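Using this note's numbering, you'd call the opening residue of the sequence shown number 27 and step up by one each time.
For the record, the hints were derived by calculation from the structure and aren't laboratory data.
It cannot be assumed that every hint is accurate.
Here are the computed distance ranges between Cβ atoms for each label pair [said to hold, decoys possible]:
hint: 1; residue 1: Glu51; residue 2: Glu139; range: 29 to 39 Å
hint: 2; residue 1: Glu139; residue 2: Thr281; range: 43 to 53 Å
hint: 3; residue 1: Asn259; residue 2: Ser86; range: 37 to 47 Å
hint: 4; residue 1: Glu139; residue 2: Glu87; range: 42 to 52 Å
hint: 5; residue 1: Lys144; residue 2: Ser239; range: 48 to 58 Å
hint: 6; residue 1: Glu143; residue 2: Thr240; range: 52 to 62 Å
hint: 7; residue 1: Leu180; residue 2: Leu69; range: 31 to 41 Å
These figures come from a predicted structure and were not determined experimentally.
In this text, a Cβ means the ideal position worked out from N, Cα and C, and glycines have one as well.
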Amino acid sequence: MSQKKRKVAIVTDSAAALSPELISEHGLNVARMEITIDGSTFLDDGSPALEGFYARLHTSESVPTTTAPVPEKYLEKMRLAAENADDVLCITVSARLSAAYDSALVAAEIFNEENPEKSARVLDSQLAASSQALIVLEAARQASRGVDIEDVELSASEVVAKVRLVAMLDTLKYIHRSGRVPRIAVWATDLLSIKPVMEFSIEKIGAIARPRSTQRGLGRIRAEMESDLAGKNAHVNIIHAGASQNAEHLREWVTENLNTSEVFVTQFHPFMGAHTGPGLVGASWWAE
27 MSQKKRKVAI VTDSAAALSP ELISEHGLNV ARMEITIDGS TFLDDGSPAL
77 EGFYARLHTS ESVPTTTAPV PEKYLEKMRL AAENADDVLC ITVSARLSAA
127 YDSALVAAEI FNEENPEKSA RVLDSQLAAS SQALIVLEAA RQASRGVDIE
177 DVELSASEVV AKVRLVAMLD TLKYIHRSGR VPRIAVWATD LLSIKPVMEF
227 SIEKIGAIAR PRSTQRGLGR IRAEMESDLA GKNAHVNIIH AGASQNAEHL
277 REWVTENLNT SEVFVTQFHP FMGAHTGPGL VGASWWAE
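Working from the sequences, and respecting the hints, build out all of it.
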């Protein structure tokens, strides 16, 4: 059965880590990244082959690498999206983290030359993972209401400015392996059982707390959420890297203590998880 034609269709990349169910529900088109670990390369297509990524990362001595979709992959998704839409908005992972944005720009230029009666635009989410997912989903909701591409892009940009990602790392070992922190920091955090709580948002990137237990780390995440979201209509994406039990506890707390328009759990994307390691748990959120 053909989809009902709409004004705007949404394209994104797999750094958003959206589930097949959410992709289908919102009619999204997703360009896939590639992940290489121990000499084996996997397409990030949600297949079972990637389910054991964090278990494999735990024992691997090599530093995994990720490859952004090439322009042809974005162009393929734009063409597919345009079959049932007048215009296409592509929302990419942060240009600071990946070449994905540049690839999408090249694809959009080709698409616009091919389709002078249509328009493809590219929005740099400036974020990644669970935050990117929330931005994409808001854009998809606006698109489903039949608004023009300018309004869809504006709504997505407003979420970019609001959304926060706060997560607890189990260790700094993997960030050290990627060259981002000195070895002494890893030794100190492991010795003292510190579980760094990090933020990744437009306003701040870096550590916001250094609790000395998992429970205290989760408590800090809950406190940040409550401070931002109490009494408001919230959108929440719980994330984890091979730590489903902690993620489920956090989801239960959210549903019991906050007013939510949406709350769901996703696996932290290997694009970032390769550098943070297994055991990470946290959330992205924004309030209307």
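Consistency of the hints with the structure:
1. For the hinted restraint 29 to 39 Å between Glu51 and Glu139, the CB-CB distance of approximately 32 Å keeps it satisfied.
2. Between Glu139 and Thr281 the beta carbon distance is about 48 Å. The supplied range of 43 to 53 Å therefore holds.
3. In this structure the supplied range 37 to 47 Å holds for Asn259 paired with Ser86, their Cβ-Cβ distance being about 42 Å.
4. At roughly 46 Å, the beta carbons of Glu139 and Glu87 sit within the given window of 42 to 52 Å.
5. For Lys144 and Ser239, the hinted distance range of 48 to 58 Å is satisfied, since their beta carbons lie about 54 Å from each other.
6. Distance hint for Glu143 and Thr240: a CB-CB separation of about 55 Å, consistent with the stated range 52 to 62 Å.
7. Between Leu180 and Leu69 the CB atoms are about 33 Å apart, so this pair conforms to the stated range of 31 to 41 Å.
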